[in-house]
Amino acid sequence: MDNLYRDIKAIRENSPLVHNITNYVVMNNTANALLSIGASPVMAHAVEEVAEMAGFASSLVINIGTLSEKWIEAMLIAGKVASERNIPIILDPVGAGATKLRTETTMKIIDECRPSIIRGNASEILAVTSSFGKTKGVDSTQSSDSAVDSAKQFAIEKNVTMVISGEKDYIINENETKEVSFGNAMMAKVTGMGCTATAICGAFAGINSNPLDASYHAMLTMGICGEIAAVKAEGPGTLQLHFLDALYNIKEKDIAEFRR
Amino acid sequence: MDNLYRDIKAIRENSPLVHNITNYVVMNNTANALLSIGASPVMAHAVEEVAEMAGFASSLVINIGTLSEKWIEAMLIAGKVASERNIPIILDPVGAGATKLRTETTMKIIDECRPSIIRGNASEILAVTSSFGKTKGVDSTQSSDSAVDSAKQFAIEKNVTMVISGEKDYIINENETKEVSFGNAMMAKVTGMGCTATAICGAFAGINSNPLDASYHAMLTMGICGEIAAVKAEGPGTLQLHFLDALYNIKEKDIAEFRR
Amino acid sequence: MDNLYRDIKAIRENSPLVHNITNYVVMNNTANALLSIGASPVMAHAVEEVAEMAGFASSLVINIGTLSEKWIEAMLIAGKVASERNIPIILDPVGAGATKLRTETTMKIIDECRPSIIRGNASEILAVTSSFGKTKGVDSTQSSDSAVDSAKQFAIEKNVTMVISGEKDYIINENETKEVSFGNAMMAKVTGMGCTATAICGAFAGINSNPLDASYHAMLTMGICGEIAAVKAEGPGTLQLHFLDALYNIKEKDIAEFRR
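Residue numbers (this note's numbering), protein chains in the order written: chain A, 1 to 260; chain B, 1 to 260; chain C, 1 to 260.
FYI, nobody ran anything at the bench for these hints, they're computed from the structure.
Keep in mind the model is a prediction, meaning the values are calculated, not measured.
One should not assume that every hint holds.
[As the list claims (entries may be wrong)] Computed cross-link-like contacts, DSS-like style, restricted to lysine-lysine with a CA-CA straight-line distance of at most 30 Å:
hint : chain 1 : residue 1 : chain 2 : residue 2
1    : A       : Lys168    : A       : Lys158
2    : B       : Lys108    : A       : Lys100
3    : C       : Lys168    : C       : Lys70
4    : B       : Lys80     : C       : Lys70
Turn these sequences into a full structure, and let the hints steer you where they fit.
Below you can see the structure in the form of structure tokens.
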């Protein structure tokens, strides 16, 4: 956690431009979370402009939550530009495993765009890695532990950082596995909290070139701000606002208090 | 109201999957409301995946608030699958009567997909039922009372539960008319509160196979939580957050206090 | 400021219908802001219905924040109908200058639909006016002052009211330049606050036929409500809710206190 605050300061000072091609449900949340932490979000999905926009972004977040044909096309165009220019790509395979379209689109993006970071819940990560032949199925009730082994194998073979979020979060690359145990159960009752975690990975990846450190710092920030917000919240409604306030206000001493 | 809390507990225990094909404006609100009450929302609108998604849902919510051609196609595909499998469909004819596209799409969905529940404000319900020949026109300033008679006739002929929301809500099927008088006027100043009511009907329909009871329980929940939220709110902004908190926190004794 | 409250009362009494063809990120925010101030928002973007919807609106807001081909087509259809019927058009050229698609679409809408009001930040306004040959480039770090001269020239040549928002807001037509210095820096950390300003211009333009006065009143309202909200807010999350509450609650005496 020692370098977490250094990275938060870097985001606030450099305002990395995070290009999001994301889903309709969470666009507002994730834009607000990125602004609150200090990044500069842009949402653009037209096939006519995504190459241009991705080309000058600090990172590209691709989230498949509300897919359709044209959007998939735009994701692949932007992803290839980002990949060519070494702009980090963070992929959120929302609902992978639920429909064929989602699973196949996820695999296509991984193969053609080579994301640096993939973040999902255990079911989604298992769906992604099982098509690789390492797990048997997908079960949305699975805990994050259940996906660690296949995520590790996938991280090695595809050279990608895997983030499994849940009650405990795992951040995994070929050499290392980090864990984050902060957070509050009520966060799962706010739509798009996972998508927000992915976007926040994009903010850190925009200023830290090590995908493992960037996503570890993102998950720490999510967990710490979630706990700070939960103290003030009376339910999922007020939680999401206090969470944005916490992202905006987080200080070095707040982080120190979570050193446990 | 006696079985209301039983149904809320059933939603919390079973987390019915509510598949929403809804409008861009309210997706976030309705997902959050469904999560707060305990259901599991999914938004998916691609023609390539809606049949698959609707096929394993507990209920399907179709909301025409921001229509376009591809989305209408997806609504009809999902609606037919749901209808074939006896998955309850809840239709929100947002703005029916305002444009030809909305009125015609509404009638097409009703004819081809056979929804269990239709929920709208008085103007929308009159627009839907008048094309059936029973009312003269549409006036958005109409009170919910004005639509009761034509809704009743429509309920009989189409075998559907009609929900008219307004200062007083009416829940109507061929045999019975129920009323709900809870709520707060400020709720009309929060965008998508009507759409949220429709989504909450979807949550109850996912665990209660009687459409009249499911929608009556949904409207009671909306009204009671609206009143609880209004006590804490200073305006429409804070109201919507306290409303989500209230959905999340509602207990048997809260309901008992509203027995009047 | 003397007629500001008169106009707010007129919005509350007449509920002007503001037709928005806007971006996915802010639809919810702007609908809520319009409802809170007392207007009646409608969002509709299908090429099949926008002409009909724009035709009975009090004003038309066009915002290019998340463009795509079909939406551009709809903007032009609705814009031409509004223009023919003297329904005021308010244009928000979000991200003009960032991509060719955005800059070109902006110029096309200006040429074909003749908006009454154009509102953007300094970079966007410079992008719009420089293609007109008066400025050298676009820099998102520019202060609002930097765009005043070219905005004035553009206002004269195109007969349009230009609104440049920033720490200081400028409202400019061919004869006059007004300034608004209210507001709070935290407003820039809430996504869509600029888009909300544009929508609020739409509410005032719906009841006040003078575009300069309408946009001046809109920017005063934004600034005053932003300051009221900032007193209660602990960050950008809570700010946006208190801001909506402030729009809903603003009274004549609140305005008087800002007379400085």
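- Item | Enumerated hints in conflict with the structure, sorted upward | 3
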